[in-house]
Amino acid sequence: MNRKAVFFLSIISIIGISIILLSMNNILRTQIYDLIFWIILAGMSQSFSVKFMNGGALSVSFAIIFASHLYHGTYFAVIVASISHFFFFNRPKKGAYEHVFNRPFYKTLFNMANHAISAFISGNIYQTMHYKLNAGQNPYLYMLCLLTYTTLFLFFNSSILILLMTFLKQESFFKLWKNNILWAIPNFYALAPFGYFIYLLYQIPNGHIYVILLFGPLLLARYSFQLYLDSKKRYYQIIQTLTAAIEAKDKYTEGHSKRVEMYAEKIAQKLKLPSSKIESIKVAALLHDIGKIGIEDFILRKPQSLSEEEWEKIRQHPNIGLKILEDIDFSDDVKEFIKSHHERYDGKGYPQGLKGSEIPIEAYIIAAADAYDALTSDRPYRKAFTPQEALDIIKQNKGTQFHPLVADALISVVQENINNSFV
Numbered sequence: 001m002n003r004k005a006v007f008f009l010s011i012i013s014i015i016g017i018s019i020i021l022l023s024m025n026n027i028l029r030t031q032i033y034d035l036i037f038w039i040i041l042a043g044m045s046q047s048f049s050v051k052f053m054n055g056g057a058l059s060v061s062f063a064i065i066f067a068s069h070l071y072h073g074t075y076f077a078v079i080v081a082s083i084s085h086f087f088f089f090n091r092p093k094k095g096a097y098e099h100v101f102n103r104p105f106y107k108t109l110f111n112m113a114n115h116a117i118s119a120f121i122s123g124n125i126y127q128t129m130h131y132k133l134n135a136g137q138n139p140y141l142y143m144l145c146l147l148t149y150t151t152l153f154l155f156f157n158s159s160i161l162i163l164l165m166t167f168l169k170q171e172s173f174f175k176l177w178k179n180n181i182l183w184a185i186p187n188f189y190a191l192a193p194f195g196y197f198i199y200l201l202y203q204i205p206n207g208h209i210y211v212i213l214l215f216g217p218l219l220l221a222r223y224s225f226q227l228y229l230d231s232k233k234r235y236y237q238i239i240q241t242l243t244a245a246i247e248a249k250d251k252y253t254e255g256h257s258k259r260v261e262m263y264a265e266k267i268a269q270k271l272k273l274p275s276s277k278i279e280s281i282k283v284a285a286l287l288h289d290i291g292k293i294g295i296e297d298f299i300l301r302k303p304q305s306l307s308e309e310e311w312e313k314i315r316q317h318p319n320i321g322l323k324i325l326e327d328i329d330f331s332d333d334v335k336e337f338i339k340s341h342h343e344r345y346d347g348k349g350y351p352q353g354l355k356g357s358e359i360p361i362e363a364y365i366i367a368a369a370d371a372y373d374a375l376t377s378d379r380p381y382r383k384a385f386t387p388q389e390a391l392d393i394i395k396q397n398k399g400t401q402f403h404p405l406v407a408d409a410l411i412s413v414v415q416e417n418i419n420n421s422f423v
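For the sequence shown, my numbering begins at 1 and goes up steadily by one.
The set of hints was computed from the structure by calculation and includes no laboratory data. Any given hint could be a false lead.
[Stated by the list, open to error] With a straight-line cut-off of 25 Å between C-alpha atoms, the simulated PhoX-like cross-links for lysine-lysine are:
#1 K258 - K277
#2 K383 - K277
#3 K383 - K395
[To be verified] So the derived label-pair ranges between C-beta atoms look like this:
#4 F298 - V6: 54 to 60 Å
#5 Y106 - L133: 47 to 53 Å
#6 S331 - L306: 42 to 48 Å
#7 E389 - E98: 44 to 50 Å
#8 A184 - N2: 22 to 28 Å
#9 H208 - I15: 28 to 34 Å
#10 L182 - Y236: 44 to 50 Å
#11 V6 - N26: 26 to 32 Å
Don't be surprised by glycine CBs; every beta carbon is placed ideally from N, CA and C.
Taking the hints into account, I'd like the entire structure generated from these sequences.
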């Protein structure tokens with residue numbers, strides 16, 4: 001860990017511990033049993049988070065912090081948010097349980113401090129707004145206060161975390177925030193109404209029992225959703241393994257499909273396509289050359305120019321790929337993207353000679369990604385072009401071979417990352 005990261009972690013920890021001590025001093029003894037209940041609830045919520053393929057995780061712990069703040073106030077919520085980390089445990093797919101006693105203490109300390117600071121600042125601003133606006137008398141102003149609390153908690157909690165990651169990874173704050181936080185924002189805001197429901201439920205006589213009972217179906221839903229995500233991850237890994245096995249027989253194309261997937265995803269993000277489309281593009285990009293299984297090896301590896309008969313066989317690989325996937329439960333979109341990834345904007349592509357808007361934008365994206373990786377990779381008949389040389393070729397063929405918008409997006413992506421390992 002570098003000096004900047006150590007210094008930042010130390011400052012956050014000192015501020016966080018100070019806030020925790022201040023909060024402890026303001027907790028009433030009559031609230032101790034309530035405090036234990038909320039702390040354990042928050043700790044369990046963190047422990048049963050849902051793990052996503054991108055490495056992120058989502059728990060309902062904010063809903064618990066939110067509800068505890070509404071019921072008991074800022075100091076109480078600070079203790080719940082911070083001390084609950086002592087009750088966190090996690091079991092990776094392989095290995096023993098991870099908990100406070102075998103986890104690096106600085107991680108626990110930083111997470112405690114981060115949550116304490118976030119709960120303290122957002123809680124105090126909420127209370128000030130609530131008082132100044134007399135929000136208790138106006139449901140719209142009350143909702144504004146609740147929204148402000150949620151937004152501020154998210155802002156401070158994510159900013160402190162991303163700042164530490166910036167020092168550790170030496171990467172752009174906004175890039176890290178986009179990759180690690182942006183996807184979770186809708187889910188985070190969805191937890192606020194759930195937290196408010198817990199707050200209302202807890203006010204009923206014996207409300208703590210109802211809150212515990214609420215977590216039964218919630219954990220079942222979490223288990224079902226995690227099973228779905230795990231099966232999706234395995235499905236994706238099987239596709240990667242299949243493409244790797246196909247490419248392993250040819251040193252010139254080994255890793256090609258994985259790189260095409262990476263480029264295609266970046267282009268799609270640049271064009272602001274919806275996440276559902278991006279997922280389909282990634283799958284199609286991995287499988288775009290699966291039809292080459294049906295092409296003789298000597299044609300694929302031939303160092304000289306291909307004969308017209310050999311070219312005709314090459315032109316059939318999108319149709320062969322479609323036939324291979326015919327009885328497999330892929331979406332029609334994925335199959336269409338694979339079939340059309342060698343079509344051209346000017347209609348001179350194959351296998352159908354489609355042009356312009358007849359070709360899905362997703363197929364254009366895979367085609368551009370495929371072409372760029374082919375240009376920047378060695379082939380039996382030539383050495384790889386440099387990234388800049390490849391971009392010049394892409395520019396020359398914009399509007400003929402490549403869709404203009406897709407070509408511009410690819411050029412932009414490569415130029416932005418020209419000094420990174422991405423290219």
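* Index of numbered hints that the structure contradicts, given in increasing order -> Numbers 2, 5, 6 and 10, in rising order.
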